[in-house]
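Novice: Residues per chain, in single letters:
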Amino acid sequence: MEKHNLICINCPMGCRLEITITENGGWLIEGNQCKRGLSYAQKELTAPTRTLTTTVKVKNSLLRRLPVKSSDGIPKEKIFEAMALINQVTVEPPISIGDIIIENILDTGVNIISSRDL
Amino acid sequence: MINYEVVVIGGGPAGLAAAIEAKRNGVNNILVIERDRELGGILQQCIHNGFGLHVFKEELTGPEYAHRFIKELKDMGIEYKLDTMVLSLNKEKVIHAISREDGYMIIKAKAVVLAMGCRERTAGAINIPGTRPSGVFSAGTAQRYINIDGYLVGKKVVILGSGDIGLIMARRMTLEGAKVLAVAEIMPYSGGLNRNIVQCLNDYNIPLYLSHTITEIKGRDRVTSVVISQVDESMKPIPGTEFELECDTVLLSVGLIPENELSEQAGIEIDPRTKGPYVTETMETSIDGVFACGNVVHVHDLVDFVTEESRRAGKNAAKYVKDLITNQGKSFNTKPSNGVSYIVPQKVRVDNIDNTLDIFLRVRAIYNNAKLVLKADDEVIKEYNKKHLAPGEMEHLVLPKKLFADKDFDTLTIEVKEAN
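Protein sequence lines, in the order shown, are assigned to chains A and B. Counting with the working numbering, you get residues 873 to 990 for the letters of the first sequence. Counting with the working numbering, you get residues 5 to 424 for the letters of the second sequence.
Incorrect hints may have been included.
To be verified - Some chain A residues close to chain B (C-beta under 7 Å, calculated; not the full set):
| # | residue |
| --- | --- |
| 1 | K875 |
| 2 | I881 |
| 3 | C883 |
| 4 | T923 |
| 5 | R937 |
| 6 | P939 |
| 7 | G945 |
| 8 | M955 |
| 9 | S968 |
| 10 | I969 |
| 11 | S987 |
To be verified - Below, a list of computed lysine to aspartate or glutamate pairs in the DMTMM-like style, where the Cα atoms sit at most 25 Å apart:
| # | chain 1 | residue 1 | chain 2 | residue 2 |
| --- | --- | --- | --- | --- |
| 12 | B | K61 | A | D989 |
| 13 | B | K160 | B | E250 |
| 14 | B | K85 | A | D989 |
Rather than coming from a laboratory, the hints here were simulated on the basis of the structure. Even for Gly, the Cβ is constructed at its ideal location relative to N, Cα and C.
Using the sequences provided together with the hints, build the complete structure.
Specialist: The structure is reproduced here in structure tokens:
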């Protein structure tokens, strides 16, 4: 039997999770206020990911930076590698919210998309 | 003089939601006045995600959250003015404003919604000893530099205060290649959300020093180091606990203050607890027909709650225009007691409530397994069990009208009762 304490980062509630992994591989969870707590705990303890939000350079616009985000979680250990790639990109208007800026970054299956219109 | 039915001062999340809701409730002649070059307010620089979980049931970035409201406002044809500064407001709801495009304007409104938001406490407000070198920024200023203008403000950073903006900036600076050496927090607990401690500090092994503060900033032209000391229970530095960190930048995340110069000038009464206007159940201030919502009333942790509160203000501004708000009938005041630092609204007129009354409050300290006890004068009318209460986490109570509608009382007291 294995016990873990985590703080769920799915939403601002920040539930304090108590996870027990039993000998036969079952997961027991306490302290979560919604069902997303369990899937967060399982992911966090096996293959943690994070949504990455940052900016890319813009030229020929009133704005100098375009806010972007990953369309899904990126493996935690690849965050800095992803940042290095994103920082090489320069974009120009017109861009719409949701447009893909980098497709399938680092073969994660995750896209980097625009957070606003430009 | 230009006439409008509803004028909203401020085009951030509060102003946008209020204007949209006023329109939905049948007012057509609305103006939103924004001093920045675009709508959306501070959301435009909050590029991180975590917005919208209550309102949209999904996780959005700040610009995405703003986009939904800006789009809706434009689709509804609501008028707005950018780069426009409101200079004054008076009791007759006459507004003086100025912009490069329109020049000097005098605007008369039937109802006004104040949605000016808040501003950061500065180094001057907290009196850090030491020299005055460059490299000391408020966290929000640094956020604007990095996310809007594209400047990294430093390479070796110490952050004072563990409010959410400070935590978010610790991660942001780290991602862009700066080294964040420490976050010092004078209180024995963080003022930020738990999730931000996990994903902004723990993820990047940034140490959080609780009950610590900066006792000296060194450097002549640019910051060269800071001295950090532990503090005792009365927040006094403990001699002998000092340590020095070499750095080029200090970010201050030491609290937000509602921005009420306009309100005060207009003679609106300010609650010393919230530092925002006293408001009623309709979000009406001490001046008839002047409503207020969002961070100008009290500093919120979540924009979702700003949106909910502002929709209420917008809806009631529309009702006011149609003369549907009453000052008659039963009313009571709310009073924070033992363990509760403030309550919004401060006054309730029962007849203006449809079905439920929304109450926002903050507690003074951290409590586990405690109760929030509501008393109508001396009678306990409701208790809420709370697993965890913290000053950094605003509490939102929704009281059914039937709980208090039949009772005759002057004061609704809310207090914390600790577990035995």
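Novice: Provide an ascending list of the numbers of those earlier hints which the structure does not satisfy.
Specialist: 1, 7, 9
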